Each structure stands twice: as structure tokens, then as C-alpha cells.
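Asks: Here the protein sequences line up with chains A, B and C, keeping their order.
For the record, in the first sequence the residue sitting at position 76 is 92 according to my numbering, with numbers rising by one throughout.
For the record, in the second sequence the residue sitting at position 225 is 408 according to my numbering, with numbers rising by one throughout.
For the record, in the third sequence the residue sitting at position 8 is 295 according to my numbering, with numbers rising by one throughout.
Because the hints were derived from the structure by calculation, they are not lab data.
Mixed in with the good hints there might be a few duds.
Said to hold, decoys possible - Coverage of chain C stretches by chain B, computed from C-beta distances (three or more under 8 Å per stretch; other residues unrestricted):
| id | stretch |
| --- | --- |
| 1 | 422-435 |
| 2 | 562-568 |
Claimed, not checked - Sample of chain A residues facing chain B (criterion: CB under 7 Å; computed from the structure):
| id | residue |
| --- | --- |
| 3 | S105 |
| 4 | M109 |
| 5 | T116 |
Model, not experiment: these values are computed from the prediction.
The beta carbon of each residue, even a glycine, is placed where N, CA and C say it ideally should be.
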Amino acid sequence: MTALLEVDDLTVAFPTEDGVVQAVRGVSYQVNRGDAVGIVGESGSGKSVTSMAVMGLLPRSARITGSIRLMGEELLGRSDAEMSKIRGSKVAMIFQDPLTSLNPVYTVGTQIAEAVLAHKDVPKSRAMKRAVELLDIVGIPNPSLRVNSYPHELSGGMRQRIVIAIAMANDPDLIIADEPTTALDVTVQAQVLEALEAARKATGAALVLITHDLGVIAGHTDRVNVMYAGKLVETGSVDEIFYEPRMPYTLGLLGSLPRIDESGRPRLIPITGSPPSLLNLPSGCPFLPRCPKARDRCAEVEPELTATTNPRHLAACHFHTELATATAEEVFA
Amino acid sequence: MFAYVVRRLAAAIPVLLVASFLAYALVALSGDPLEPLKLRNPPAPPRTIELETQRLGLDHNIFVRYWDWLWGVLHGDFGQSVQSNYNIGANLGRSATVTLRLVLVAMLLALVLAILTGVLSAVRQYSRFDYATTFAGFVFLAMPSFWIAIVLKDLAVRYNRASGTTVFYTIGETSQNYESLSAAGKFADVAGHLVLPTIALALISYAAWSRYQRAAMLEVLNSDYVRLARAKGLTWRKVLVKHVLRTALIPLVTVTALDIAAILGGAVITETVFNWNGLGRMLLNGVARADTNAVAAWLLLAGLVVIAFNVIADSLYAVLDPRIRHE
Amino acid sequence: MSDTAARPTAETFTVRERTQSQLVLRRFLRHRAAVTSLVLFVVVALFAYVGPLLWKYSYTDITDDLSQPPSLGHPFGTDLIGHDTMAQVMRGTQQSLKIALAIALIGTVLGALWGAIAGLYRGKLDFLMMRIVDVVLTLPTIAVAAAVAAQGVGGSQWWSIAVILGALTWPYVSRVVRGVVLSLREQEFIEAARALGAGNARIILRHLLPNALGAIIVVATLTIATGILGEAALSFLGVGVQAPDTSLGLLVSINRDAVNTRPWLFYFPGLLIILIALTINFVGDGLRDAFDPKQTRVRQ
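So that you can see chain A by itself, here it is in the shape it has in the complex:
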């Protein structure tokens, strides 16, 4: 059976006045029907660019190579008109900031109905009725009233639920959620994630959840891809990533996460430094300047993703075997 989404050796580069920015450098991953996959990384790691490439929404100046197949069909190289038919109907996307994601001059009902009408030839009244249904699914109280609200009349959490309603309007096969809770209060985050789960349940869509928050990943995905400097640096099941990380960066991410199950750990362990500029990356491992485990070899050869203990758990570190039992304190202390 072909996977729902196959991203194969994807590279994205942006020419700028300072040179070419290598935003994505050979990323491959798969999403099967109904799966939930997390993509974790810092801002600038290429995780959003990867999904914008899937949507066909990168700027024209972007140079894209590799392959992106949806249900076996190549998406790269398609015209914008062709991509319009896929966007919103087969693949839907949810963006980070709900406060700016909705057009301030239209009611939320109009904006949801618009998504329906973009792909289905139904009368406007039907589309509006569907909008009310969708609002109900994502847990908006008084949906038939709220459908006539303008975005500015709703809270951030409510607006993100509207965006989720828009995403599920045409029962897509895949929903890509790019930092859906980052801009929201912690108390609201859970509600929005719940709405996202409700949307998945109603549509049966697979989910790609992009976030820098490992906590969000843990509860809502089956597999995790860790990205750093435009590459996948580790990929595995949630358990593997959380309990047997094989890449120092993943360890670092886990170390900077507050955990209540390890009461013995004294404090959070930060990763020092910042991600490298993606302009003229030197050879060698991009994590090297921040890696306490770095050695000569790391400066010479950039490590490839290689299988660790099992063929589905891969890590891009020359010394991943040494990390088999390591904890964040040991590596970063």
C-alpha cells in the first residue's frame, strides 16, 4: 500500500541578497493514512518550510528539488491552479497565529463557508449550514449565533478552533498543523488540541503536527521527526524518541523540558548557543558548535541518518551508539 504522503529527499533553497539560504537539505519522511506524525525543531530548522512545500505555498523564488507524493501522485511541479484543487480538500493546514489567520473584514461563517464552496458546488445556504455544524464539532458554544461573529469578537482559542473548522471543512486526508498552540495561553492549549483531535476523529485525517514543544508531541502523535538546520536528525516512535534518544540535540530538547516523572532531576538543562545560519553552511555536523560530545570527525563529515537499534529509529550522529543510555545531565552538564 502506498503511503498517504511521501516526502523524498526534499531540498528548498531561497536565493537572497546575501547568498543562498539552504532552508531544507534533503528531508525524507512518510505519513500513512490516519497516522499522526510530529515534527519537532527550533524556529529556522526548516520544519515549516517543509510543510509549506507540501502545500505548494512557498514563494516563487524558492528552489525546490526532490519529490513530494500524495497518494502516489507527484505534487512538485504542478501548476498553482492544480494545487488549488488539492489544498483544502485533500491537504489542509492550520497556522500558528490565530489572531492574524482570519480576515478581519469577513464573518467567521463566511470564511468557513468559503472553504466549502472552494471545492463543492453547493448553494451558499448549504455551505453556511455546514459552517454551523463544523463550529459545533470544534466545540464552539452557540454555533448558529457565532457563525455571524467577526474574528475580533472572539478569543484566540476560539479563533484557532475556527481555523481548525476551516481545515476540516472538506474532510481532508491530511491536516498539517504548524505550531497550532504556540501563540495561545497554556490553559487554552489543551482545548485547542482537543478540538484538533475532534477534527481528526470526524474526518479520519492523518496529522502532521509541527511544534517546538515536545510536550504537545507526546500526547498527540505516534511518530516523531526531529529537525535541525534543515535536516532530519532523528526519527522514531514517540517512545523511542522520549526514552532512547540517539542524537545529542534530541537529548538537549528533552533536557530542557520540565518533567514531573523524574523527581530526582534537579533542574532544566539548557542547550547553549543558537542554531547555525543556513547561509553557506560549512561541512561537518551543524550541531557541532553546541554539542558537548563533538570530536574531530564531527567537523569533517556531516553525519547521515542511520538506523540505530531498529530500522525505524534513525539518528544522524556519528556516535549514536554511545548515547544509548545517556541522559541529558550526563551529556550537557
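Chain A is fixed; fit chains B and C onto it per the hints.
Replies: Frame of chain A, contents of chains B and C only:
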């Protein structure tokens, strides 16, 4: 909505009153209308000067003079002019119809052109069209309005001379024989005389507004909600019309209203070049004679127009942008 | 435990930090139109201020060449009574630049202080101050300036025109600065300064104005361009600079009827006005981009 408009109007009235007082005081205090009489050779008899002083109310202090003038204006009497038998109110009305015709047509032309080029150059950002219109916009912005007007007029005169007929009207707001024309002829005559001054006056506003429209378009094009609209699967054309244009036109409403005072000033200059008998000539005549009542009436009208435009713009803004409407 | 031999290469990854002013300069230098304009503007200023020292004619000289078109002896030609037009344009440029700079200085200082105070104090004072701004903006600048200047207040000196136009320009500046201050005052460092007990005067002078400097420099630059055009317009209406002195606006004005017969008299001063306003606007545009870069691009 109605309450909103009323509130805006209520806030505008004190501003207009203070502005009119300021204008009145500035004109009254900066010059003496009787100076020509006093410096005349042979000197005017003291009795003449005394009578003129009384007729113009110069023997009162500035507050009393302003109050008397304002009271008169509110009752339709614009007061005495320095030129004895010059009816300020009648002249103001006649000049205003001439000039506002020019101002409105020029604004309309500037708006249409500005929206067209602003939208196109934003959609084709960094294209040749974008660079060309941006550069042209900068050049127009750097041109004094009278300079554009004189060059246009010169070109028109040369063309007329070469073709042997009057294709372009270059002098006056109407022809000499205007009164004898039929209704259609009158319309054609007025329109013909409008062509060159309208272009001259419109070019500068056009330059500023097209740049503004381009910037507004780019901001919306880069907005998250346009990205979401694209992600819904709307076609680019649909996104452009329904989301980008609709939203990016809103700020232009405010900018247009803010520029109305400058456009009135530009009209004064354009009219001078084309020898129109409109508000420009009325102002310059009044100014040259230190005719306080006439100039103050002129500035009051200008202030009224400016404020009217701003209230209209605010109301329109509220209609277009639900965020304001619900405040 | 870590291998320190690999460390030195680490430096190649880190981006060198730059100060704010270095960044602004770098971005400005990348704006080709702005840099070209700056060079051109300097050339025009040299032409106006150094040119008269080197040129054989003074703007008051009357030569024997009457109504000559441009030639080697008179690059800009001569007028009806034998004035060398280039000497006149040099003098006119000098006066126009001087007036425009003075307008920008007066307008910017007044406007920046007014806007900063209104934005900082907010409340009733802000309301009152901004209504005063509304009052000034309600009246067409050219009309008010003409009304005041026509009476020869200040003896029609160059500075009287600068004062009149400067006094009508500051409201525009104050609106911009107020907007910047309103957004700045919400930021933490102002809170911090306040918490440390800094007075309002100190907050305005030491914290707000320096941080609003970028916006102020941009608006000041653009004000020079409107100043040039304002002077030209006033002189054109006959209420600006008066003969025997001269300015670019006055030169265009007195030669407007020569446009057909002796076009050099009309076009040279006019082109200088355009050149000055154009280069200044480009410089202002470059500064705006340098201070406030938005480098996102759009897909179509």
C-alpha cells in the same frame, strides 16, 4: 453607525471653530488693509481712513471682530470686504463650485490610477512594471505642481499651434461664449477646460496614493489570512479579489481624506497657471489686499471641506472595517 | 570528556554580531537608488555652495550676452537682460536648500517634542495636543502661508518663509512621532526606566527620542523635500522669496512665460527643484528601509 457619525461631527466642530479663529487672527494681525490708503500720494484725507476703519471694524479688538464676523457668517453675511462693493459670500460660492469641480474630478482620476498601478505593481512586485511605476511615482512626487502645470500647458499650446485648432483649452475655466452655449455645449466646454488642470493636479496625489496602495497591498499579500485563504484552496484570482483587494483598499480611504487640504492648496496653484477664476484667484486677491473677512471666509470653507471629507472617510472606514464599527 | 580539538571550527558557525548603527548603514548602502541619490544630492549642494566661488559670474552680474541659449560660456544660457542663468540657479539653489533645511529643522524639532510629549503623557494632555494638531492640519498649508507671507512679515527674509512653513509642517511630524512613542512606551525598557525612578524629561530625552530616532530621521528627510516644494510654491505665488534675492521657485515663476521662447530659463531651475526633491525622497526611502526592514516576499 449613525451615532458614530454624529460623534465624529461633534468632535469636529470645536476643531473647525478654533481653526477659523486662528485663521482670522493670523490674517488680521499680519497686515493692515488700509496701508495703501495711508501711504498714498497725495495722502488720503483722515476722514476717509476713519470711515474705512469703521466700515471694516478695525477699531475693535480681534476677539470682537472675529465674533462679529462669525455671527454674520452663521447668518449668511460674510462681512465687508476691503474692496467696497465686493460680495464675499457670492464670490465664495461661485469660486467654490468652479474649484471643487476641479478638485473632485482630479481626486477621482488620481484614485482610479493609483489603485490600478498600486495593485498591479504589488502583485508583480519587482517586475519591470513595478520598477517603472515606482520610479515614475518618485519623479511626480518631486515635481512642483505648478511646474507640471506649466509644462503641460506649454505642450498643449504647442500642439494647438501645430494642429491649427484648439484641441486643448489652456486658459480659464470656461470659454468666453459659455453663456450662449446649449446645455450639452456647456458640459463639453466645462469638461474640455478641466482636462489639463485635472491631470496636473491629479499627478501628485496619484504618485503618493499609488505608493500607498502598493504598500497596503503588499502588507495584505504577506498577511497570515491571505496564506490561510490560499491554504483553503481558493484560486489566486479569488484570493486577490475577495481577500487582498477588499482589505487593502481600506487604508486608502483615510489617506485620501488626509490629503484633501494639500489638494486644495494644489488647486490654488494649478488654477493660477491656467488662469482660472476660482478659489485660487479669490485667495490671492484677498491675501494681496489683507482682506481679512474674505481670506478668513476662504479658510473657513477650506476647513469645512477638509473636515467634511474626514468625517465621510471615517464613516466609510467604519462601514468597510467591522473592527471600527463595533467599537 | 569532550574533544576540545574540534572547538576552533565552532567560530565559523556563529554570525558576527553587529551594532544597530552598523546594520542600518549596511542596509542603507544596499539600497542602490538611495546611495546614488545621496551622491547626487552632495553634488547639487557643492554646485550651490562651492560653485559660486569658482564660477566667473555672480548672480547679480549683468553680462552683454542677452537671451543666449546654453553655450560653453553660459552653460545654462542668459536671460533677457544678460544675467548668467547658471549663476542665478546656483544662488537660487543655495537659498532654496537653506530654506528647506530650516523648514525641516523647525518642523522636526517642534514636531518631535510635541509628539513625544503627547504620546508619553497620553490622557487629556494628549487629546488636547492632538486636537491642536488637527486644527493646523485643517487649513491648507499653502493658503495659510500665503496669507501670512503676503504681508511681508519679517521683511520677506529667507528665514521668515522658513519659519512660516516650518510652523505649518510640525503637525505632520508630531503625528508620526506620537505613533512611534505610543508603541515604544508599551515596551519593557520604558517600564524599567520608570521603575528606576526616571522622571518624564529623562525618559523622553534619554529613552524615547533615541529609540524613535530612526522614524524621526526618516520624517525629517522627507520634510526637506516638502520644504523645497513648499518654498517653490510660495515663491511661485509671488509671496515667497522676493527679488533682488532669488530662489529656485522664484526663478521658475518669473520665467514661466519664457517656457516657449527661452525654455532654458524655465527648465534649469525647475529640473534642480525636481532633482533635489527626488534625491531627498530616495534617501528618505533608503533610510526607512534601513531602519525598518521587512524582507518577506510573496508568492503569487
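Asks: List in ascending order the numbers of the hints, as given earlier, that are violated by the structure.
Replies: Hints that this structure does not satisfy do not exist here, as all of them hold.
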